[in-house]
Amino acid sequence: QKVSVEVLEHLEHLALVDFRDAEGVERLQKAIQFADQLHEVNTDGVEPMDSVLEDRWCLYLREDDVTEGNCTRELLENAREKVEEYFVAPPGNIPLPKLEERETFLQGS
Amino acid sequence: AALNGGLRSQVSAALKEGRVAPTELCQRCLALIRSTKFLNAYITVAEETALKQAEESEERYKRGQPLGILDGIPIAVKDNFNTAGIETTCASNMLKGYISPYNATVVQKLLDQGAVLLGKTNLDEFAMGSGSTDGVFGPVRNPWSYSKQYKEKSVPKSHPEDKESNWVITGGSSGGSAAAVSSFTCFAALGSDTGGSTRNPAAHCGVVGLKPTYGLISRHGLIPLVNSMDVPGILTRCVDDAAVLLGSLAGHDPKDSTTIQDDFKPFELPNLTDVSKLSVGIPKEYHAPGLSSEILALWSKAADLFKNAGAKVVEVSLPHTPYSIVCYHVLCTAEVASNMARFDGLEYGHRSDMKDSTESMYAATRREGFNDVVRGRILSGNYFLLKQNYEKYFVKAQKVRRLIANDFVKVFRSGVDILLTPTTLSDAAPYTEFIQEDNRTRSAQDDILTQAANMAGLPAINVPTALSERGLPVGLQFIGRSFQEKQLLTVAKWFEKQVQFPVIQLEEVKRHDSDVFQHQKSASFS
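Quick note, the sequences are listed as chains A and B, same order. Quick note: the first sequence uses full-length UniProt numbering, first residue 1, plus one each step. Quick note: the second sequence uses full-length UniProt numbering, first residue 1, plus one each step.
What the hints contain is simulated information worked out from the structure, not anything from laboratory work. Note that beta-carbon positions come from the ideal geometry of N, C-alpha and C, so glycine has one too. Just so you know, not all the hints are guaranteed correct.
What the hints assert, rightly or not - DSSO-like mimics (lysine-lysine), calculated; alpha carbons at most 30 Å apart, straight line:
{"hint": "1", "chain 1": "B", "residue 1": "LYS148", "chain 2": "A", "residue 2": "LYS98"}
{"hint": "2", "chain 1": "B", "residue 1": "LYS392", "chain 2": "A", "residue 2": "LYS2"}
{"hint": "3", "chain 1": "B", "residue 1": "LYS284", "chain 2": "B", "residue 2": "LYS497"}
To be verified - The following residues of chain B were derived to be distant from chain A, with all beta-carbon distances above 12 Å:
{"hint": "4", "residue": "GLU24"}
{"hint": "5", "residue": "GLY97"}
{"hint": "6", "residue": "MET361"}
{"hint": "7", "residue": "VAL373"}
{"hint": "8", "residue": "GLN388"}
{"hint": "9", "residue": "ASP438"}
{"hint": "10", "residue": "ARG440"}
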């Protein structure tokens, strides 16, 4: 059961990571094949486990009090493009080019 | 002599009595790091700050006010922990040049106790791998490759140049930390453990590798891989030292809501002499395909050791063990897909020059910043999280996870105190052989014995046991009950004493102090 080009392209969009070459796609195919072994296990009546600490009620909400902050300068230091106290991004709301329009290995599939 | 001693019993005493000064210790370690550069264990050596910390420690000792056992002790930290003012790269292009603005909680705790931070150690990129071979700074070499013990057993090569290609891997992903401890360049190191990443290299490098119970030690500042399984790992040369480190690191952290709120009391390990009340479980499924006959024999011998000492040794079953690797594969890639989403080039890390749009900048940044292994896991993870696959893969894996965790609960409820298993399938492979298979295949093979403990959140420890026929370290693993580190470490310490694992005799580096342990070598385990 090979993964369709549509799904591959969808994954590239979601992950914002590309398959790069046939090896990349093959890697995914193998990963799926490997994961399919899970279906050999009978999990009827079994609840999914989110955390091993579920019995300890450890995930809590704290009071909404400000306890730290005021570190704008430190936080901006590692950003490459900034203006005053803003991180600068290229224009948003522009979707990635469609499969036919961009240079991707998947074009040939 | 101080370089080889236990922290509590020897090094701390030597420092307090002024027999050795913190600056001296620091200088010696730094010199050793320089002379063992070929191991590629360190990515960053923070020489200036380390010396400054050592000087401050020396002042405290002079005033008779050391902060504790760790005051003045040189340690190394895996390069996926944030360290303020020091580059933190995760061995990835994505974070090259990233200077952390803060210390991970565990790093802060060590510094607060006066520890001297020597540097950041090498790893597989973003801690994904079991060889410490897939980082952008190159692979880490196992110090045992240069040991007399390994060289004696090596088949003499026809060409002297081949000697260089003979080196073996450290295992991973905390290979740099394991190599650093193993080669005496530091007294202890921090690693991380998500599927075995602390215990695996500990086994291959002949050091103690402790994976604490999930929720015991803060993950704040540890760049996450799998939030529900990651733990900081501790690598030391003896079990007592691991207990010392654990004592300074464990405890609730308000900055990590997955740490339990119970009070943690640091403990000293008793010298167990009577194991007759102990029940040791031998899980039969850990006789995994591919387990070397050598390790199988060693495991069996260890079980006999307990039996002969009066402990109850029983075969137990953890029936879902064969599925833990598959389960891990799905849960890990899913969480990775989520965790790696933060790397977009905007706030920190690498940023591509692409300017057409936000999305295309993100895509280009990630293409340039991540290696194939990371990108592969992100894509797989996204696949398993697709709406049409979510129930089939992700939720299914979560259900299997519960079954795996329940296997352990059942066994521990049946009266077993501790489990004894191998840590790895074989001793360390030569690098040239290891890289013949891809990262995912290798990880799937190598994580098989260590992974389930992460699934269930249980504490586990590798104890170096004996040398293989090739002269390389082999370790065995103990898995304990949740939050019962004291019992786990007490048993591990007893076992360590019985097996008397030999000290590494590094050839390329002059070892002045190895005579300290000569008397222990006579009672070797294998």
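The hints, checked one at a time:
1. B:LYS148 to A:LYS98: 60 Å, violated
2. B:LYS392 to A:LYS2: Holds. LYS392 of chain B to LYS2 of chain A sits at ~17 Å (cutoff 30 Å).
3. B:LYS284 to B:LYS497: Holds, because 26 Å separates the two Cα atoms, which is no more than 30 Å.
4. GLU24: 34 Å, holds
5. GLY97: Its Cβ does come within 12 Å of chain A, the nearest being 8 Å, so this is violated.
6. MET361: Contrary to the label, MET361 of chain B does not stay out of reach of chain A, its closest Cβ about 5 Å off (not over 12 Å).
7. VAL373: 9 Å, violated
8. GLN388: With a cut-off of 12 Å, GLN388 of chain B comes too close to chain A, as the shortest Cβ separation is near 9 Å.
9. ASP438: 8 Å, violated
10. ARG440: At roughly 7 Å from the nearest Cβ of chain A, ARG440 of chain B sits no farther out than 12 Å, so the non-interface label is violated.
Consistency with the previously given hints fails for numbers 1, 5, 6, 7, 8, 9, 10, ordered from lowest to highest.
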